[in-house]
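Residues in the sequence shown are numbered consecutively from 40, following the numbering used here.
Think of the hints as simulated: they come from the structure by calculation, not from any bench.
Note that the structure is a prediction, hence the values are computed from the model and not measured.
We put the beta carbon where it would ideally sit given N, CA and C, even for glycine.
No false leads were mixed into what you were given.
Keeping only pairs whose Cα atoms sit at most 20 Å apart, straight-line, the calculated EDC-like set for lysine to aspartate or glutamate is: (1) Lys409 with Glu467; (2) Lys233 with Glu251; (3) Lys319 with Asp307; (4) Lys399 with Glu385; (5) Lys274 with Glu251; (6) Lys458 with Glu480; (7) Lys233 with Asp254.
Label pairs and their in silico Cβ distance ranges: (8) Asp103 with Asp393: 50 to 56 Å; (9) Asp103 with Glu510: 47 to 53 Å; (10) Asp393 with Asp413: 22 to 28 Å; (11) Gly471 with Ala395: 26 to 32 Å; (12) Ile268 with Pro153: 44 to 50 Å.
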Amino acid sequence: MGTGEVPIISLAGIGVSFGPVRALSDVALDILPGECVGVVGHNGAGKSTLVNVINGRLSPTAGDARYDGAESRADFRNGQRARQAGIRSVFQELSLCPNLTVLENMRIPYRNMPWRNWRGNAASAVRMALDAVFPGHGIDPYCVVGDLSIAERQMVEIAIAFSRRDIDARLVILDEPTSSLDGAIADQLLAYIKKFCADGGSVIFISHMLGEIFDVATRMVVMKDGRIIANDDAKNFTRDSLVDAMGHVVPDGAENGEGRKQRELGEDVLRMKNGLSARKGEIVGLAGLAGHGQAEALAQCYLERSSDWRANRAPAVVFVAGDRARDGVMPLWSILRNLSLQTLVEFSRSFLVDRAAEKKLAQDWHRKIKIKTDDLDSSILSLSGGNQQKVLFSRALASSAPIVVMDDPMRGVDVGTKKEVYRMVREEAEKGRTFLWYSTETDEILECDRVFVFRDGEIAAELTGDAITEENMLRASFEMEEAAS
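When you get a sec, could you build the whole thing from the sequences and use the hints?
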């Protein structure tokens, strides 16, 4: 990399404040052509605010942002400057229009697309991008986005960010891009990132998956409390030194299955027609490639045991959504109201809510899971994506439901919080609570007592004890396909 290269974006002394809250303080950062910058930090460290300054969505309240070395001011035109510099973003909260087709979503950022045969041109452009990033994707550009799985929607948004259009992509910001992708599809994306950077493009890669960060990043930026506290070549970090730089937010706990131990389990509390079963106090994992029936099995389990029109003082099951924007948060409500939603009927009397009990419950979970806010009455949207997910998890565990259904619940949650959640899940299981846990992350599935591997909507394997390994899960994910060929 030549030392005389002009940065695509150069930040100097950047500060961002929202009233009395300082989201960024004195941030300095240059992004040069051809590098992949891994940005890490716990939830609420300022990562999303940083990238929103870079892409022009937020104007800094202090400092200077320069695009391609040109003078600029902190004003509303930074969004236009970022676009002209070829800066594109894929947000943790996906921003596709669900009522439009894939090709129509491609048309929105492609402002100068010729009107003649624009549908065909858009379909061709998005198909070409999907083929390049995710070979064998099987996504039809003419299908409606709302009909796609969350993994397919994430693939579409990533492909659109890398697509060819009037201004080619030079810097692509990826915020938790693999949070809904299974391992094989995530590997396709990581391989494309390396190729894109080798060809002179740049990527800002934000992820709590440290293995992925080390796989693609040429430089590491560590953030804490709105500041950059480390900025160095990736080769100068190890996993341990990176975690140490981020700072420990919870005590280290057992992980990667070390916390799984033999314990007495109760009677069957769940037995479904597809063969899925669970016992009292058991943590049951649903594994396999994304989109092979796991989410449908969870939905069936939940809907068969819950009413679609009335709340219950003694709910049989509670649900933790992975797609929080669609199935989880109430965007117009406060953090407190979102957290207490599931339990309102449990501590209400004669149609009146016990507000004191509601507030105490929210404060208890605020402390337990360390939701990063000073005001529980603030809007849920004031939280980072990972902290919103903490609220949804707290909402479920605060209820009295004996069965907890979790659909990839730790999307975008930092490694420290994950360890704490694993500990809490094990404690609840030891008290007799049953968990059905679908995850795209192998480390989470390794926390389970029993694992059902899905393939083509059916259970391909049931793993217990020492048989719960990544190798066995991968073999079961593909063996039915091999047998059929």
